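Start from the sequences, fold in the hints, and give me the full structure.
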Amino acid sequence: MASNTIKFEKLPDRLPPSNTVGWMAWVKTNLFGSISNTLITLLVFYLIFLYIPPFIEWAFINANFSGSDRSVCDENKAGACWTFVKVRFDQLLFGLYFATNPDQMWRPIIAFIGFFGLLIPLMIDKTPHKKWLLITLLTIFPVFFLLIVRGGVFGIPDSDPSQWGGLLLTFTLAFVGIILALPLGILLALGRRSKMPVVKSFSIIYIEFWRGTPLITILFMASVMLPLFFPSGVEFDKVVRAMIGITLFQSAYTAEAVRGGLQAIDKGQSEASMALGMGYWQQTIFIILPQALKISIPSIVNTFIALFKDTSLVSIIGLLDLLKIAQNSSRSLDWNGYDIEAYMFAGIVFWIFCFGMSMYSQRLEKKLDTDRRE
Amino acid sequence: MTNNQAETMNDDSTIISISKLNKWYGNFHALKDIDLSVNKTEKIVICGPSGSGKSTLIRCINRLEVHQEGSIIVDGVELNDDVKHINEIRSEVGMVFQHFNLFPHLTVLENCTLAPIWVRKKSRNEANHMAMELLEKVRIPDQADKYPGQLSGGQQQRVAIARALCMQPRVMLFDEPTSALDPEMIKEVLETMIELAESGMTMIVVTHEMGFANKVADRIIFMDEGQIVEQNDPETFFNNPESDRTKLFLSQILDH
Ligand SMILES: Nc1ncnc2c1ncn2[C@@H]1O[C@H](COP(=O)(O)OP(=O)(O)OP(=O)(O)O)[C@@H](O)[C@H]1O
Ligand SMILES: [Mg+2]
Numbered sequence: 003m004a005s006n007t008i009k010f011e012k013l014p015d016r017l018p019p020s021n022t023v024g025w026m027a028w029v030k031t032n033l034f035g036s037i038s039n040t041l042i043t044l045l046v047f048y049l050i051f052l053y054i055p056p057f058i059e060w061a062f063i064n065a066n067f068s069g070s071d072r073s074v075c076d077e078n079k080a081g082a083c084w085t086f087v088k089v090r091f092d093q094l095l096f097g098l099y100f101a102t103n104p105d106q107m108w109r110p111i112i113a114f115i116g117f118f119g120l121l122i123p124l125m126i127d128k129t130p131h132k133k134w135l136l137i138t139l140l141t142i143f144p145v146f147f148l149l150i151v152r153g154g155v156f157g158i159p160d161s162d163p164s165q166w167g168g169l170l171l172t173f174t175l176a177f178v179g180i181i182l183a184l185p186l187g188i189l190l191a192l193g194r195r196s197k198m199p200v201v202k203s204f205s206i207i208y209i210e211f212w213r214g215t216p217l218i219t220i221l222f223m224a225s226v227m228l229p230l231f232f233p234s235g236v237e238f239d240k241v242v243r244a245m246i247g248i249t250l251f252q253s254a255y256t257a258e259a260v261r262g263g264l265q266a267i268d269k270g271q272s273e274a275s276m277a278l279g280m281g282y283w284q285q286t287i288f289i290i291l292p293q294a295l296k297i298s299i300p301s302i303v304n305t306f307i308a309l310f311k312d313t314s315l316v317s318i319i320g321l322l323d324l325l326k327i328a329q330n331s332s333r334s335l336d337w338n339g340y341d342i343e344a345y346m347f348a349g350i351v352f353w354i355f356c357f358g359m360s361m362y363s364q365r366l367e368k369k370l371d372t373d374r375r376e
Numbered sequence: 005m006t007n008n009q010a011e012t013m014n015d016d017s018t019i020i021s022i023s024k025l026n027k028w029y030g031n032f033h034a035l036k037d038i039d040l041s042v043n044k045t046e047k048i049v050i051c052g053p054s055g056s057g058k059s060t061l062i063r064c065i066n067r068l069e070v071h072q073e074g075s076i077i078v079d080g081v082e083l084n085d086d087v088k089h090i091n092e093i094r095s096e097v098g099m100v101f102q103h104f105n106l107f108p109h110l111t112v113l114e115n116c117t118l119a120p121i122w123v124r125k126k127s128r129n130e131a132n133h134m135a136m137e138l139l140e141k142v143r144i145p146d147q148a149d150k151y152p153g154q155l156s157g158g159q160q161q162r163v164a165i166a167r168a169l170c171m172q173p174r175v176m177l178f179d180e181p182t183s184a185l186d187p188e189m190i191k192e193v194l195e196t197m198i199e200l201a202e203s204g205m206t207m208i209v210v211t212h213e214m215g216f217a218n219k220v221a222d223r224i225i226f227m228d229e230g231q232i233v234e235q236n237d238p239e240t241f242f243n244n245p246e247s248d249r250t251k252l253f254l255s256q257i258l259d260h
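Line by line, the protein sequences are chains E and X. Start counting the first sequence at 3; every next residue gets the next number (my numbering). Start counting the second sequence at 5; every next residue gets the next number (my numbering).
Check before you lean on any hint, since a few could be wrong.
[As the list claims (entries may be wrong)] With a straight-line cut-off of 25 Å between C-alpha atoms, the simulated DMTMM-like cross-links for lysine to aspartate or glutamate are:
| no. | chain 1 | residue 1 | chain 2 | residue 2 |
| --- | --- | --- | --- | --- |
| 1 | X | K126 | X | E140 |
| 2 | E | K128 | X | D149 |
| 3 | X | K150 | E | D127 |
| 4 | E | K269 | X | D85 |
| 5 | E | K296 | X | D149 |
| 6 | E | K269 | X | E96 |
| 7 | E | K240 | E | D312 |
| 8 | X | K125 | X | E96 |
| 9 | X | K150 | E | E367 |
| 10 | E | K197 | X | D85 |
| 11 | E | K197 | X | E82 |
| 12 | E | K269 | X | E69 |
| 13 | E | K368 | X | D149 |
| 14 | X | K88 | E | E273 |
| 15 | X | K141 | X | E82 |
| 16 | E | K269 | X | E114 |
| 17 | X | K125 | E | E273 |
[Said to hold, decoys possible] One side only, chain X facing chain E, incomplete, derived with CB under 7 Å:
| no. | residue |
| --- | --- |
| 18 | N91 |
| 19 | N105 |
| 20 | L118 |
| 21 | V123 |
[Said to hold, decoys possible] Quick look at which bits of chain E chain X covers, simulated, 3 or more residues with Cβ under 8 Å:
| no. | region |
| --- | --- |
| 22 | 267-273 |
| 23 | 278-284 |
| 24 | 287-297 |
Hint data in this document are derived by calculation from the structure and do not stem from the laboratory. What you are looking at is a predicted structure, and each value in this text was computed from that prediction instead of being measured. Just so you know, even glycine gets a beta-carbon here, dropped at the ideal spot from N, CA and C.
Pasting the structure below:
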């Protein structure tokens, strides 16, 4: 019988043909794969060649960094005027109050250091006691921030929040909007799926109302109408009004992002937890939300990024966020005409933080995914 | 109330008694006049064609489905809208699902200890201890720190059994526990269930595994069109079925 069986022999592995691997092959297939592909590639190269070198010359090679007034820039118009950004840096970061009271500048600086000191370790995988860092960031830090930046107690001079500005204000509005809107949004998303008609319709009306209204309108309403709802003695400053408006608006978007996650959870999950005798809140907290939030991280972060950028709309109620203060500076007598530098600086700062959030959410998503599988 | 007392006094060994149970999905009459009483330690297998209401019936027992007429009394407590009663009964009645429904974001051990800690208010230590004991019984103690997604289907279903047992239920419901499994894994789950049966647990099992039914069941119930067509001990059920409907069903599933 043995003579009838075929002996299996493994063929040796060979390398793929050289014209299908390596960068040459990649260039050939991806950049010059067809005639239209080749034309587009050439056009893009031409445009890069046309615009990038002059831009680099303007932004770096010929740029002005020195000096402390516009005379340097006025003499050398061929380059960007970063002197302007340098001189107005305090204002761009902290707004008018702190820029005009340099002896108080340590306050926002410490607040920034505290903020990033808590945030950055939170984003690093190996940090121990993350839970406590997060709790500190969400509870102790806001109080600390209020004490030190707002002042008015312990002999720290009161800084009028409507005089805050720049990146400080942008951060404050975005941070408050994000941390208040997340729990509110979660509750609204749960409410929208509730079996109780009153809760359900309230949530739907709330969400659809705020989603259907532009943030600008809400900010106007918050600044004009909010005082009407409170007794005449109660005064909110502009920043608090903006915070309320932003939170109401943002919670509707967060709710929809969370709802997307809730919908993706298999019915079997709640059935299994019900069968174990868990009540609604136990199911929600231990089983449903952890899974739903994980799924909705990308869309939640998207709403955060949108909010971070949207904070610049507060300029219409007279607050000087980063963008507005940059614009104002470039229109001041001292620096009139340097708008491009102002907008470019604001744009880059916004981009850095938005891109950072986006990168972090991608990492988080991957990490939570592998946690489960491997 | 009187009904409740009457039932419990009627027979001390009855743990579940269902009478005149009717259930509709919209206009669709899914369960029709079901009467069923289950004794302590009794093992009941329910079979029947697809759509006959088997799942609906056992899901009514822990109120995953709400019935409209009739009464269900579990361990002396009547199931009604009272949330307290519902949760009381749910923690006495364990359930194993066709698709396992393990919690994917929790480890095997956490899957088993969550409800004992939060529903039964056990200490974490005690819950861990019992979970490990039960994971050992279903023969997967070494997987305790893994996530469900890392286990085979058979292992996942055994975890699901352990998870339900961690609540120390008095009754276990199984809804087609092996029908989502690859053939080579069915055996390991059935063996676990046989051991559980031997330990004296009251069990109601919806399954098409007739070998299991023959070996374990005290009573086999055949359902069709939302009704109980017949119920008998395995011997009679397989060899002398009473109704032609049962005969037809048996000939269909025993053919292959
Ligand atoms: N949520 C629901 N809404 C409407 N109809 C339903 C619902 N659940 C089940 N049904 C219907 O009720 C009937 C009984 O369903 P059930 O799931 O109890 O059957 P089954 O005997 O378990 O069948 P299978 O063997 O396929 O699991 C079926 O006709 C089904 O279509
Ligand atoms: Mg079924």
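Comparing the hints with the structure gives:
no.: 1; hint: X:K126 to X:E140; result: holds (20 Å)
no.: 2; hint: E:K128 to X:D149; result: holds (20 Å)
no.: 3; hint: X:K150 to E:D127; result: holds (20 Å)
no.: 4; hint: E:K269 to X:D85; result: holds (21 Å)
no.: 5; hint: E:K296 to X:D149; result: holds (21 Å)
no.: 6; hint: E:K269 to X:E96; result: holds (22 Å)
no.: 7; hint: E:K240 to E:D312; result: holds (16 Å)
no.: 8; hint: X:K125 to X:E96; result: holds (14 Å)
no.: 9; hint: X:K150 to E:E367; result: holds (20 Å)
no.: 10; hint: E:K197 to X:D85; result: holds (14 Å)
no.: 11; hint: E:K197 to X:E82; result: holds (23 Å)
no.: 12; hint: E:K269 to X:E69; result: holds (13 Å)
no.: 13; hint: E:K368 to X:D149; result: holds (20 Å)
no.: 14; hint: X:K88 to E:E273; result: holds (17 Å)
no.: 15; hint: X:K141 to X:E82; result: violated (32 Å)
no.: 16; hint: E:K269 to X:E114; result: holds (20 Å)
no.: 17; hint: X:K125 to E:E273; result: holds (21 Å)
no.: 18; hint: N91; result: holds (5 Å)
no.: 19; hint: N105; result: holds (4 Å)
no.: 20; hint: L118; result: holds (6 Å)
no.: 21; hint: V123; result: holds (4 Å)
no.: 22; hint: 267-273; result: holds (count 4)
no.: 23; hint: 278-284; result: holds (count 5)
no.: 24; hint: 287-297; result: holds (count 5)
Checked against the numbered hints given earlier, the structure breaks only hint 15 and satisfies all the rest.
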